[in-house]
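Each chain, letter by letter, is given below.
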Amino acid sequence: MSAVTRRLPRLWWLGAAVLVLLAISVLRVVTGAEDLASSGTVRATLIALVPIMLAGLGGLWSERAGVVNIGLEGMMVLGTYGAGYFGYHYGAWAGVAGALLMGAIGGLIHATATVVFGVDHIISGVAINIIAVGAVQYLASLTFVGLPGGGQTQSPKLDNVGSITIGPLSDALGEVEDQNIFFVSELAAVARAMVTNLSLLVVLAFVLLFVTYWVLWRTSFGLRLRSTGESPSAAESLGVAVLRYKFVAVLISGALAGLAGGFLAMVASSNYRDGQTGGRGYIGLAAMIFGNWRPGGLLAGSGLFGYTQTLGLRQGGTSVHALLLAVAVLAIGLAGYQLWRKQVRLAVGILVAAAALITVYAAIDVVPGDFVNITPYVVTLLVLAFASQRLRMPAADGQVYRRGSAG
Amino acid sequence: MSDVAPAVRLRGIGKRFPGVIANDDINIDVARGTIHAIVGENGAGKSTLMKILYGVQAPDSGTIDIAGTQVSLGSPADAIKHGVGMVFQHFQLADNFTVLENVVLGAEKLHGIGSAAREEIVRISDAYGLGVEPDQLVEDLGVGARQRVEILKVLYRGAKVIILDEPTAVLVPQEVDELFGNLRELKAEGLSVIFISHKLDEVLSIADEITVIRRGTTVATVDPAGTTSRELAELMVGSELPSPSTEASTVTERVTLHVADLGLPGENRPLLEAVSFDIHAGEVLGIAGVEGNGQAELVEAIMGMRPGATGTVRLAGQDLTELSTRKRREAGIGYIPEDRHRHGLLLDAPLWENRVLGHQTRKPWVRRGLIDRGASRTDTQRIVEDYDVRTPGVDTLARALSGGNQQKLIVGREMSGDPILLIAAHPTRGVDVGAQAAIWGHIKEARRQGLAVLLISADLDELIGLSDRIEVILRGRLVGSFDPGQVTPEQLGSAMTGAGGAA
Amino acid sequence: MTNLDPRLQKIGLGLLAPVLALVLAFLITSLVLVLAGDPVGEVWSTLLGVPAERNVANILNNATVLYLSGLAVAVGFRMNLFNIGVDGQYRVAAFVAAVVAGEAWLPGAANTVLAILAAMLAGAAWAGIAGVLRAKRGVSEVISTIMLNFIATGLVAYFLRRVAVREEGSNDIGTKEIPEGSRIPGFQIGEGSTTEVYGFIFLAALAGFTYWFLLNRTRFGFDLRATGKSTTAAVASGISVTRMTIVAMLLSGAVAGLVGLPLLFGDSYSYGSTFQSGLGFAGIAIALLGRNHPIGIAIGALLFAYLDEQSNPLQILVGVSPDIVAITQGVIVLTVVISYEVVRRYGVRLEQHAVARALEAGRPTAGDKEEEARA
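Protein chains in written order, with my numbering: chain A, 1 to 407; chain B, 1 to 503; chain C, 1 to 375.
The reader is advised that the hints may include incorrect statements.
Listed next, the in silico DSS-like pairs over lysine-lysine satisfying Cα-Cα at most 27 Å (straight line) [what the hints assert, rightly or not]:
no.	chain 1	residue 1	chain 2	residue 2
1	C	Lys229	B	Lys327
2	C	Lys229	C	Lys10
3	C	Lys136	A	Lys342
4	B	Lys81	B	Lys187
5	B	Lys109	B	Lys81
6	C	Lys229	B	Lys363
7	B	Lys444	B	Lys199
8	B	Lys187	B	Lys199
9	C	Lys136	B	Lys327
10	C	Lys136	C	Lys10
11	B	Lys187	B	Lys160
12	B	Lys199	B	Lys160
No lab work stands behind these hints: they were computed from the structure.
Using the sequences and the hints given, assemble the complete structure.
Take a look at the structure:
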């Protein structure tokens, strides 16, 4: 079964994206939830998706080198401050650099603790989350108090990095979107979001996703780095400097998580604020697990979680309500598949769940926001519980490695 | 022996660990284009020596010459640079990587990580008849194929000297033959092979020269042509070759353990199939077999540690089949596990807690669900004295004890639970000669007291010397029953490999 | 050190590690202060002064809460389970207890007892999800408890809105107030303080004693610790690891269920949207610092509570943000783990030498100890 995922066709993600969009189109027509794929929703989804994806990318780098990183949240927190401080004093791109730098400092602590001193990865992550929150509050009151608009819990307003708008195209696509043509409008909405006020940081994030894939899976540096997460003793027996690769991986992990925080401060909002990350580091971790420790899967996971988050924010009760129906239909399909595989009991179970979903869909008009918010976590738990045999985490993930353990 | 410098020359190699001498004054010459075997008992210091030669550990003294030049090997990378490659006993492969990825890892500079590397792998594979496909995932490969990947890894790096650490331990006989074929090809190409083993027959059949290591030092280098395995064995253990021997039979008519039609499904083939036997009170049943043929599974199935096992297990008339491990122990099973660190001890707990382990439901140290520390301490002290466990006290952590003393503690503990059946899996593996003799004594004593003993061992002399009856296990089935009074190690050996007919 | 009684030596080593950790954390925090240009001396003299009498009650109250949190984490640690979900567990439990106590189906103290039991049950159930997932599906309890924390937040927020009553003159919502007869009375210490110490502190002490007794004196505790030290050896000795995993998580969750109760029964009397959160992570730090020992955890909890309380006037007195203490606390988590490991290895070496001396009569052979040198 893992062999199947490995032999996915090259452009599977493109096909998947079209399918998802098609499904959403159908859903819109059936339920009349107009906001499911408006260009506003798409844009907001991008904004919500990027920090999750960047945090997940951070997790990917670290865990591919065998270091579990639940300090992502803390590193993001450090990143928000880095963007706030450097962004205010030296301009938007300095803010980006500051976010990367502060996140990398978090990574440095994690790397030193786990790789050099052999501290349990979870403990170190917890410590970093505690330290980071304390550190930024301490630093904020040290550096932002007295600045215009700044204070103990927030930085002054920050400049944003540039964004891309192709005016005429945007308008034209907007017209198409408004026509409400099946699928075409949805396609136009997505395209419109891409050419209207598209932040350069969003572009950068997607470039980083691709670069990550290329470096980790297409270069010898990446091969070595991944080998330290799969079998560090094998790597060391072949002369790979295991600890060095792990160290570097965790540093990069921290920088990416920091950038995720910077994005929150600079693009998703316009200044550093205390508590800005709101657990997105953990969602990033969840997205990475959902995505089976692969960049493509991570993108799918962040997309899903970002989308639900967006719907939750945009008075999405109705939209999520519509999604319930979609999930129910999916479940019926899945039940059919299981029936075909002669897994009768499983199929019946899934059918019951689908029936329950449809009942809920019929019984209520709006899904409470609290439930929308917990969707990513529930989905991740379900994936872990019922598809864990399809998940393939790096074999030596989370294990402390000491030099000289080869053989 | 020859005019050209030897491929490897070791002189006066020494290595100490805190309080222990692992290697002391090791001297070996490996000639070019030969297979040089290094034999010794488990724990004689072979592995340490190989780690030194491969740069994993640095020697405290001595010199290493490779092809006539003195080298210093600070890391595996140094060793690779000097043309030394190593195939570890526990394969060093990333399961989730392809063969290609595993091979090029660390040697990307040679042929990149793409098609050039793929071609080179295919070329080497064809040249030495290894039959390795570069794009297969390692996790899909069998044991023999994995080993060939390991050898290919070494060749890919242009190694001139290949070290194989216990390469046959995990192989079935056909795979051993294939491996030996591969090794002869390597030799023909002028490569030197260092072959580490404690299986004397294999060594005698493949090696051009044999060096024997005992207690960390080289004691002799011999020519296999003029040597018998008996002579090698004596060199390995020293002049005082301890030979276990059973006194007059104590076998009774009472069946203590009755195993019927025991089975255990595995992924490809059953791990155990239709295993049936009885052990009587006062009888030692020895199980002989090449490692990995179901011995460990048999023991764990009897202990109730293997979910999915089928068949019947009865102990003195009591049906154990549906019972948990704990209930089975309570019914009167003493268990000396194969891997004492993993299954026998809590390394980071004091001895008196280790004494309770496995007997958590027994009086007097556990009463009404409470642990009585005093009673346990007292009884641990008794075991320490009766079984000659060398320790400063019962509060010492188990980790601090030597292997032999840990094992004596386990034997003492398991004998103290009033068992009627003792399962002893490799009871003397990795312990010193003194402890070995003591443990043999305890097993004989158990037999005299009327216990039934199930003895698993890879040491045929131990099996023949202690058992009243020997069953041979092959691919999860019992394939032959022998009388240790009449059988020779050679006969057992051929039954174990499935070569000879069974009685 | 080598001539000491081994037990004394063990205690000495046990104390060395936390002291080393605290000193290191002290140095690192000082370094941060120096780099930031804050007055190091004044900060420490404020922090490390003798607490004013009126603050002692606060310290004890905070310590009570932290102690329970540390205890909950420690139960898991003893079995190598990482319960990161204390946060979610006590949140669910405190909410359930608040609803039960607020409804007051039983009179007076009976109501209190019922609510406490309900809290323990709720906490256990919430942690039990992670336990079952771990035991039956092999899901890492670290990840599942993190997810469950967020799910708990969402669910409790939702149900709170369903059952809530609005507090007068405020936007906060909360559960019904616990009737006076069902509250747990506090007591005053000293003259100058108006703050009462939670009566729950005695229940916390009782929980600590129970924890110690259960783990160190009973067969169940032995099984639990054995499983934590070596799963494989536990299985071979007849322990069902699946069962122990679930039971340990249930226990950990039950203790976690108590974490919010001192506040509930001694201070807030209802569960509202402003109920204190984030106590679970501090529990991890405290369990580590106290080395899973009930007294050690108590000392750790007192230390953390003391630092928190003493940091309050920092802003006013020396113009430094009190959040510096969070940095110290986080750093302690790291240094404590590192120093325990260093001290542990030193201890093992000492012991091996002792064994070698005991063996001097019989010469140790080369091979015999080889494998152990690798360990």
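Next item on the list: Could you tell me which of the hints above the structure violates, numbers in ascending order?
Entry: 10
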